[in-house]
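Now for the letters of each chain:
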Amino acid sequence: MIEFYSVAKEYHGRRVLKDVTFQVGRGEFVFLTGPSGAGKSTLLKMLFRAERPTSGQILVNGMNVGIMPHGRVPELRRSMGIVFQDYKLLPTRNVFENVSFVLKFLGVPMSERKRRAYQTLRLVELHHRLSALPEELSGGEQQRVALARALVNDPELLIADEPTGNLDHRLANEVMKLFAQINVRGTTVLVASHDMDLIRSSGRRCFTLDRGRVLEGLVEAALPPQAQGKRDLPVHEEL
Amino acid sequence: MSAPAQGFMVVSLLDEAISGLWRARRMTALSILLISFSLFLVGVFFLVAENLRSVTETVREETAVTVFLKADVTEAERAALEKLALESRLVAATRFVTPETARERFLTSWKSLATASATLPRNPFPASLELDLLPDAVGSRAISGFLDNLRAQRCAEDVQFDVEWIRRLRGVVAVVRAGGIGVGLLLALGAAFTIANVVRLTILLHRDEIEILRLVGAPEVLIRGPFVLGAVLQGLLGGLLALGFLWAAFEGLLRYVAATQNVLLGVFVVRFVAPEAMAVLVGGGVLAGLLGGAFGVRRKNLEG
Ligand SMILES: Nc1ncnc2c1ncn2[C@@H]1O[C@H](COP(=O)(O)OP(=O)(O)OP(=O)(O)O)[C@@H](O)[C@H]1O
Ligand SMILES: [Mg+2]
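As you go down the protein sequences, you meet chains G and U in turn.
Mapping of the first sequence onto the working numbering: position 226 corresponds to residue 226, and the numbering continues sequentially without gaps.
Mapping of the second sequence onto the working numbering: position 109 corresponds to residue 109, and the numbering continues sequentially without gaps.
Hints were generated in silico from the structure; no laboratory data involved.
The beta carbon of each residue, even a glycine, is placed where N, CA and C say it ideally should be.
One or more of the hints may lead you astray.
Taking CB as the label site, the calculated pair distances span [to be verified]:
#1 L185/U - Q57/G: 50 to 60 Å
#2 R207/U - S201/G: 55 to 65 Å
#3 R298/U - D210/G: 16 to 26 Å
#4 V175/U - E75/G: 49 to 59 Å
#5 L204/U - G25/G: 16 to 26 Å
#6 S36/G - D208/U: 16 to 26 Å
#7 R298/U - Q181/G: 25 to 35 Å
#8 Y11/G - I18/U: 33 to 43 Å
#9 E75/G - L204/U: 21 to 31 Å
#10 F193/U - G212/G: 47 to 57 Å
#11 S131/G - L204/U: 21 to 31 Å
#12 R298/U - P91/G: 22 to 32 Å
Let the hints inform the model, and build the full structure from the sequences given.
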């Protein structure tokens, strides 16, 4: 589903990713971790062509997204569900509209849009705030709206950038359960996260970004000491 | 995309366009007013041209040469006059117009003056003999001698030969109309320019939202379409509003003429613009909207 081959990425000559090669199969559930500024968001952004690799090839569902024509990018993005690190909710639209509008692009009729948006918002426990504007919501609530929007179109691939960053333990676990359910239904899931405990307790496969490269497994040595110190469980190098 | 999905797209495009206009309703109202003002001015030109033209037409329907007769004209004098006219080889037909017919004609031509003339104590229109000139007579050299001949008749109060001033008036109509089209083109371009800038500004204002729409895979038509469609709607409303203003102004003038019995104005305010001119006004608004909208959503404006 996702294939990276010797991918490098520079921002204004500064190298963020050096030689990234890894694959994620269809139907897998994978975590991506690494210290802040390691390039997790950058890596995810290249999957939906918000950034282009400086060199190397990236295949998503067999499509070379780095060189695909501009006109086909919307279609690529519609086939995915994306949870952005900064949510990216439409500030002038309420919760319900923020979730349902992506279904518009897929030509889903109004009644169906209503039904699906409501169902999905129920999954993230926000069905009682349908008419609230994003600015009226807490950080965690906004994050859950972003989650609902990413899930509402039943994507083939779910990409989530720190989807639990603003959630308490209970909600974070709920969200992980949700991801697991979606994964069981066949959606490939890729989650970038700092949360060691969450990754560890999930027992899922993990990649660690370390100095511009991707290492297989939860490589704690690559992470800053505070992140490592937080753990009180034994280390799983390979899950 | 399938056919139902496409139909659906059109509906949601319209939906987005209208709610977009509504969200920025003050800006929308302003630009609609601006467009309507431009088109209203064009409409004024059309109205003036139309009414000048109607003046030339009513006159042309009448005869090229009119001999107004003295009140005491005898049957024999009139017959002699007719004979003189027909023997000149310049006249195709003659027609005697009684004062009553003259008045009736006047009333049908200048409806707005009906009340004014009704108040007159007696029929002010003299009897006349109308002479239809042969087609080649109008420009011929013999015509001035013929006119002098007519004037010399005892029963002729006055002889009128209309060709020259009609020609002049037609020239004025052509100038007014061309001026209207020229000014209209300029104003429409101005309106389009304004719309383009409004669209550009709106895009700038909603840049974050547009970025989000892009990131979640909104089709380009759904991103740009509402702006273009919104601009077209603004143009359409502006055109209709201009038409409304023009009609109100025209009605107001008619009432003014009726109330004040202003004869000069009454002669020139008779007809509203033709349907084609209305179509030009509304179509001009739509076109200005389309042009402005398309220009406003250029790639350059949408990126960065
Ligand atoms: N648009 C950009 N222009 C220039 N530099 C950028 C840009 N985006 C990211 N960077 C740089 O690239 C590096 C990686 O950023 P990125 O956001 O991918 O990190 P991250 O792993 O997601 O961090 P975090 O865990 O804090 O979210 C950072 O040093 C950042 O400053
Ligand atoms: Mg990040």
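Hints, verified against the model:
| no. | hint | in the structure |
| --- | --- | --- |
| 1 | L185/U - Q57/G: 50 to 60 Å | holds (54 Å) |
| 2 | R207/U - S201/G: 55 to 65 Å | violated (40 Å) |
| 3 | R298/U - D210/G: 16 to 26 Å | violated (44 Å) |
| 4 | V175/U - E75/G: 49 to 59 Å | holds (57 Å) |
| 5 | L204/U - G25/G: 16 to 26 Å | violated (43 Å) |
| 6 | S36/G - D208/U: 16 to 26 Å | holds (24 Å) |
| 7 | R298/U - Q181/G: 25 to 35 Å | violated (45 Å) |
| 8 | Y11/G - I18/U: 33 to 43 Å | holds (41 Å) |
| 9 | E75/G - L204/U: 21 to 31 Å | holds (27 Å) |
| 10 | F193/U - G212/G: 47 to 57 Å | holds (50 Å) |
| 11 | S131/G - L204/U: 21 to 31 Å | holds (28 Å) |
| 12 | R298/U - P91/G: 22 to 32 Å | holds (25 Å) |
This entry does not satisfy hints 2, 3, 5 and 7, going by the numbered hints stated previously.
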